[in-house]
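Could you build the full structure based on these sequences and the hints that come with them?
Residue strings, one per chain:
2 protein chains.
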Amino acid sequence: MIYAVILCGGAGRRFWPFSRQLEPKQFLRLFGEKSLLQHTVSRIMGVVPVNNIYVVGNKAYFFEIKNELATYGVPEGNILLEPDGKNTAAAIGVAAQIIKTKDNEAILIVLPADHYVKNLIEFRRAIKKAILCAQDDLLATIGISPHKPFTGYGYIKVRGIKSQHKNYFLVERFLEKPSLKEALRYIRSKQFFWNSGIFVWKAAVILEEIKRYLPKLYSVLMQISEPNHIAHHWFKIKPVSIDYGVLEHSRRIGLVPAKFQWTDLGSWLALRDVFPKDKNGNVLNKNTVSLGSTGISVFSRSDRLICTIGLKDLIIADTQDALLVCHQDCTEEVKNLVKELKKAKRKEGLIHLTERRPWGSFTVLKSGLGFKIKLIEISPGKRLSLQSHRLRAEHWVVVSGVAKVLRGSETKIVKSNESIYIPQGMRHRLENPSRSAPLKIVEVQTGNYLEEDDIIRFKDDYIRD
Amino acid sequence: MIYAVILCGGAGRRFWPFSRQLEPKQFLRLFGEKSLLQHTVSRIMGVVPVNNIYVVGNKAYFFEIKNELATYGVPEGNILLEPDGKNTAAAIGVAAQIIKTKDNEAILIVLPADHYVKNLIEFRRAIKKAILCAQDDLLATIGISPHKPFTGYGYIKVRGIKSQHKNYFLVERFLEKPSLKEALRYIRSKQFFWNSGIFVWKAAVILEEIKRYLPKLYSVLMQISEPNHIAHHWFKIKPVSIDYGVLEHSRRIGLVPAKFQWTDLGSWLALRDVFPKDKNGNVLNKNTVSLGSTGISVFSRSDRLICTIGLKDLIIADTQDALLVCHQDCTEEVKNLVKELKKAKRKEGLIHLTERRPWGSFTVLKSGLGFKIKLIEISPGKRLSLQSHRLRAEHWVVVSGVAKVLRGSETKIVKSNESIYIPQGMRHRLENPSRSAPLKIVEVQTGNYLEEDDIIRFKDDYIRD
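Sequence lines, in order, name chains A and B.
Residue numbers 1389 to 1853, in my numbering, belong to the letters of the first sequence in order.
Residue numbers 1389 to 1853, in my numbering, belong to the letters of the second sequence in order.
Hints are computed from structural coordinates only; laboratory data are not their basis.
Nothing here was measured: the structure is a model prediction, and the numbers come from that model.
Backbone N, C-alpha and C fix where the C-beta goes; we use that ideal spot for every residue, glycine too.
Where hints are given, some of them may not hold.
What the hints assert, rightly or not - Derived pair list, reagent style EDC-like, types lysine to aspartate or glutamate, alpha-carbon separation capped at 20 Å:
id : chain 1 : residue 1 : chain 2 : residue 2
1  : A       : K1422     : A       : D1842
2  : A       : K1754     : A       : E1743
3  : B       : K1762     : A       : E1806
4  : A       : K1754     : B       : E1765
5  : B       : K1760     : A       : E1765
What the hints assert, rightly or not - The calculated label-pair distances, taken between Cβ atoms and stated as ranges, are:
id : chain 1 : residue 1 : chain 2 : residue 2 : range
6  : B       : G1680     : A       : M1814     : 29 to 39 Å
7  : B       : A1732     : A       : M1814     : 48 to 58 Å
8  : A       : T1751     : B       : A1399     : 34 to 44 Å
Below you can see the structure in the form of structure tokens.
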């Protein structure tokens, strides 16, 4: 059987301020309504039955991953949760081990959750060739013909242009990120490909290779045969990438050349590359007015008007609470900026003004002395915890949908254009009883202390402190 | 007697997005808590009794000017309202005519409302010398020693360095904005000064000179002897500046050299000049993180975090609903940008999210399908009009202060942490009965049409449609 293993780690540094520590790249909606994770799932769905799609991600993102997958019917049990990130060898190894325990002949398609791929037909054609390669007991990689001497990717050298066996090349060696000089040499030859990070192999074969080159990791993996074992053994694992730990050493690797457009979206500059440019080389949108600017890219998740005059080669990325203006030659430094924000304990490094919750989301519209205003959206059929607040009262105005409110011992239905008051200290629970319509309420909190930690939870549909 | 005439016109284009068509530069709080107009008033208060301070401004800004002046006790009758802007000759002429009607010997200090002046002692010393010059029946100008070959100001040439008579030079001629080559020649000589736009003269003398050089304007002015005549005659006036219309021709001009730091704040670049720079030549603030940027200036009226990487010589000006990123060599083009916005009917060209009203202000926090959320602040003792809305209901939550609410035929006191509902179509009036504390309420509007023009006013403390 064929399985997909989607690697959904990632710390969300390079796409700040769009990405935040608690909302990394794989959850961003950069192209249409779907997140990058959702694009990855739908990309592989024609090749793999939905019950065979596994996702490996940090446990901090469990509810987010679950919500993202709900549309596609991926079983919740297929979400493998890492207590913390241990790089790709561990993530791939643990998925291989758990799947192999069920299906000894399993073939795994390993896909990072945060790539951009254009041309689905070619993508699936390449995956099918890679499956044939994996059936020959090789580690199959998907290689991208490099169209520029990019120093941000690893390269793969194949054994001569004529060594193509059936649908793939045999690989001579893996190469780490090169210098510009080396990259120039690589792209002049036809023997070099970018390492896409998309792999296909038998679970048994990758585990054999892990056993050979990463024996310590292998011995930990042998103690894990189902998802709930992970947490117990994870601390023993030393992080290493599958490339560095296995692929740079293995002698049984094949490469399928890809004919689809691909990028790993490693920076704002990489994102710019994907979008069409206007006649001045600008990537703009409807909420932008630009005078005499060239080569600029404006990405916005706010509703603010953005105007530029006389700029050249800049990236502007705007969100409700944070703005980045960055020269396009400096996009690699965004991760350093995020480190600075973390050091300075700026909440803009951590979260968006709109915070997602298992039951929906809320946005802080305004904080002032003694009050805070939130717009809260509760998904159909969801409810918040049964809770109380020691130091604040809450006024709720329903602006869309219908709310079912438990207040003290009474239950009330509050309709659109109606309001209800939750006095300080009173137990309450907010629920959206509808099957289809979202519920939107405006919450005005009043009190002297209005932080999220003033919450006592008595009952919760989601396991939370 | 000595009078001040503060010119409070200005269209608010060059400081967009801080300034908007309905909130021009003179009302901006660029330095501390005071607006530029208020700085101008307090600058002249030591020299002129408060009852002698006159302000000429567009009638569109009447309530704004009145509010700004209230702190200082400038009589409301001293606000001279122009139906539309007719440039400085008309504004100065009408003030001279109205003041001379009361006081034939009046000496006027003419001050633009939107300048930056540092060193109050030197400023007042210069004004006093200029008064002596005016007493000699001359038109006294304040000249600034040019420290760089700036092409954005007009220049004044005096009659040789040795012609200084008492406290001032006699002026040879006024020169329009020069080319860079001319400007370089001017600053090498000691005979040239920047025209500060600050003038001192007898009302009678400037009117004589207007009669001589602008006879048509003079004949209109002769029909105006008190403020309420202005509206009737204003349409006959052809706009012209006092410099072009009178000063470039007059043969009775003196110049007092200023020893204070001065700028007319004609652009974002001029504003940058006023602020201290860090070691990288940047003007930043607490809500900014900058990596490797040099020569940049970040001005913010939002609470957003602004991060920059690798920028050079840029101006960033951020507000809640609009952002400008502009190369510092292009700040003159901001006015063209504002024209584009006007053409495109973008509301960001016209108003801020926070709109001022005679009774206080309101900020639109969020607009969504079927609802709008506002934070409303009502000044002590003020009240909104008695009004109703055909298409919306309103929920009010008091978050600070105490509200007196007339709803239908009942009057209610609504305290902090209490709320009240105004059904669609019901007459209501909101008042802050306190003498000192501002009233803040969160308003949640619900309905299908939520624009400002859905308002029927029955009674109003302010003359409004």
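Now the hints, each set against the structure:
1. A:K1422 to A:D1842: Status violated; Cα separation ~34 Å.
2. A:K1754 to A:E1743: Holds, at about 14 Å.
3. B:K1762 to A:E1806: holds, 17 Å
4. A:K1754 to B:E1765: Distance of about 14 Å is within 20 Å: holds.
5. B:K1760 to A:E1765: OK: B:K1760 and A:E1765 at ~15 Å, within 20 Å.
6. B:G1680 to A:M1814: 29 to 39 Å: Check failed, 52 Å falls outside 29 to 39 Å.
7. B:A1732 to A:M1814: 48 to 58 Å: With Cβ atoms ~50 Å apart, the hint holds.
8. A:T1751 to B:A1399: 34 to 44 Å: holds, 35 Å
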